[in-house]
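With the sequences and hints as input, model every part of the structure.
Protein chains: 4
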Amino acid sequence: MQSTDKRYLLLNLKGYAESFADSSLAIAGFAREVSIETGVNVVVCPPTPWLHHASSAGAAVYAQHTDPVEPGATTGYHSLEMLRSAGASGTLLNHSEHRLGLWEMEFLVERARKLGMKTVACADTIRTAAAVSTLGPDMVAIEPPELIGKGVSVSKARPEIITESVSAIRKVNAGITIIAGAGVTTADDVAKAVELGAEGALVASAVVKSDRQRNLIADMAEALLG
Amino acid sequence: MQSTDKRYLLLNLKGYAESFADSSLAIAGFAREVSIETGVNVVVCPPTPWLHHASSAGAAVYAQHTDPVEPGATTGYHSLEMLRSAGASGTLLNHSEHRLGLWEMEFLVERARKLGMKTVACADTIRTAAAVSTLGPDMVAIEPPELIGKGVSVSKARPEIITESVSAIRKVNAGITIIAGAGVTTADDVAKAVELGAEGALVASAVVKSDRQRNLIADMAEALLG
Amino acid sequence: MQSTDKRYLLLNLKGYAESFADSSLAIAGFAREVSIETGVNVVVCPPTPWLHHASSAGAAVYAQHTDPVEPGATTGYHSLEMLRSAGASGTLLNHSEHRLGLWEMEFLVERARKLGMKTVACADTIRTAAAVSTLGPDMVAIEPPELIGKGVSVSKARPEIITESVSAIRKVNAGITIIAGAGVTTADDVAKAVELGAEGALVASAVVKSDRQRNLIADMAEALLG
Amino acid sequence: MQSTDKRYLLLNLKGYAESFADSSLAIAGFAREVSIETGVNVVVCPPTPWLHHASSAGAAVYAQHTDPVEPGATTGYHSLEMLRSAGASGTLLNHSEHRLGLWEMEFLVERARKLGMKTVACADTIRTAAAVSTLGPDMVAIEPPELIGKGVSVSKARPEIITESVSAIRKVNAGITIIAGAGVTTADDVAKAVELGAEGALVASAVVKSDRQRNLIADMAEALLG
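Residue numbers (the numbering used here), protein chains in the order written: chain A, 492 to 717; chain B, 492 to 717; chain C, 492 to 717; chain D, 492 to 717.
Since the hints were derived computationally from the structure, they do not count as laboratory data.
Where hints are given, some of them may not hold.
Remember, identical chains collapse to one label, so a pair may be satisfied in a single copy or spanning two.
[Unchecked claim] The list that follows gives simulated cross-link-like pairs (lysine-lysine, BS3-like), each with its CA atoms no further than 30 Å apart: (1) 700 x 497; (2) 700 x 605; (3) 497 x 662.
Next comes the structure, spelled out in structure tokens:
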């Protein structure tokens, strides 16, 4: 078995009604158990109001988004410090549903590092994946938006996006953890992504809308171990 | 004593570090107690991660902002439904630190009404206060941005802004509750605003950074009763 | 014949390839001629690079959009002063394809008045049409976005939008000129809009893509005279 | 004398009142003359309404900004095709006064290449300069925003920004033309930037507000030749 230090299964619960309240907590509980069983870093990204509960349940918790602000008079915005105080140990950045400017990402990546928080920079093409990797985030998630929520895995439909992205990203940032996102719906998709060079997967509706969430999370985590 | 049905003391905890975690909960507890003692609607607007806790503490809770989205694939955004599920019974909209487009406000005001949630539309000039009032929110908060966080009360520094706004607003929306915001720091400021025609106050740093939060909230609530 | 002082035919050339260069100038020429013949204010809104040429051709010219900035270090933005210097005597604001915040519109409406420029505030619902009218622009254009570019006239498909808007707008601003926009494609559509209470029409693709532009402009102007 | 093929002097006229109308045309005339005399590519970026005139004067003309749209129903926006039709042979992108998202820049860089237009991607830190260079624009302009309009040259005040940027940029894009921006006010500043590895300069208020524009442009062009 490989070292699992860099194996990440990121569960983005988005804003689905199926993610509200107890549902976030249930998924957080499964994430915690599967992390312990497999050694894979299973991370939950719940809606902001349930960050604290999910974190209290013992799961690793990342925010879905962070605003490029500092604590202060920033009504309705969410700083890294605020989210960390609520239990987040990291954050997604620049998700295709919630973009950030390049200078905002640089601000957040640097500040997160100082605060001991992880950053996952999302990108949807080979070129932009390389571009965000130059900023030094901990992970980069490749997610072609045309595949998001379509039930078509990027690793199957367009495997060359992952292999070429891996190659382009490695040229500018050798140490970054590469995550396959968009359309990952089965453990098979995850296994295929690992073959292509990914070290983790970013999953959303497939888990949120599953009626066997715990099993699916466990199977995906196993698939990450190769 | 007047009817207190329309008397509102809105506490916007913003993104101050002093509002994180237990601090939000403490203020929520004070709000609940003062509401019961005075009959004034004391409402807390905590940072999003603590909406649920503050609501569980029995306080009336509004969100600081809501995004114009429906539940779904909206990573990092917050729908009315999400915030309601976390305990919010209303929301501030268009705070000067977090603007919304006119069409976004219309969407949110109408949807909130259907969901049974209250809306507080913020505006910073007489003309824009009248404009947002035509959309039919439950309350309009007048807050000239040049006074926010300055420790200078709008009701003292520029009383004509409140009286002229009240007049302009009443022409287009007779039933709306009018809230004085920006620079309200003392119970005296609140009393003066009531004299000028306001029916509530929106307070932020004065309460968040006070070392006698409970007393200040109680004094302000009393001042609203005239 | 009625006074034609307030009769406006606004031609929005948008960003169509058919509007580039000589095409803008040709339409500007037709606009000038029809204005002289009918007494209707026929106004051309060309793409920004051809404002100056269209104005030199003797047409009344408005900008399609203005940014809420003052002259200065504002790379790639367009102030009222800049557009006026290029020949614009007015501007569309808040077109459904190019929104503005409420506070931005207030800034632009007030500044335009000082500069002697006309403002046409666009809105797409009855409520938002009333809201923008409270800001005091010279004209308000009602254009439900679901009809734009569809070849279905707002005055025929949903006449109640115009009549109810006229009523709601008159309550808050008695003197404003009311323009029917979205889906106006024939002189008949214009005549119907006038019957419903409109004093002008905002037309785009119907004229831009017509192969008898001059005749169509002339017929629409005649229809405005009732 | 070195080959001057890659030597660029970019004149950003911004939105200054001093750039309106005849002023843009005068600078365009100087640019044309100095280009012919020195072989340096002297490029004028006038306000959008004067692109066509400046181009007619024989100067090389770039837009100050381009919106990420295609020709069509895009009221008040400016596509590459529109600006090219008005005479622009290139465009600045992501100026610190007018930001673009990463995905917008990718769209524009690729589309410009197909249209035969040049792109100058602006960036204000070493990391973001490297990031935008991975997208493949023709030039990258390094301009720390704290120096813009301050009369302090980046090449003198913070020479390490240029040398480190050159090094970081070359790692990800060997062929890109590197431009020094922000605070370049004299021919000496230009000469110093060339020493540090830059192949061009981006100048704004120093030229716009000079009372000896032609001489300054000529001196700066000479300085680029080393």
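Worksheet item: Under a CA distance limit of 30 Å, which applies to residue 700 and residue 497: within one copy, between copies, both, or neither?
Response: within (27 Å within a copy, 42 Å between copies)
Item to complete: Could you place residue 700 and residue 605 in one of the four classes (within, between, both, neither) given a Cα distance threshold of 30 Å?
Response: So residue 700 and residue 605 pass the 30 Å test across copies only (26 Å; inside, 36 Å).
Item to complete: Can you give me the call for residue 497 and residue 662, within, between, both or neither, at a CA distance of at most 30 Å?
Response: Both: 19 Å inside a chain and 26 Å across chains, each within 30 Å.
Checked against the numbered hints given earlier, the structure satisfies every one of them.
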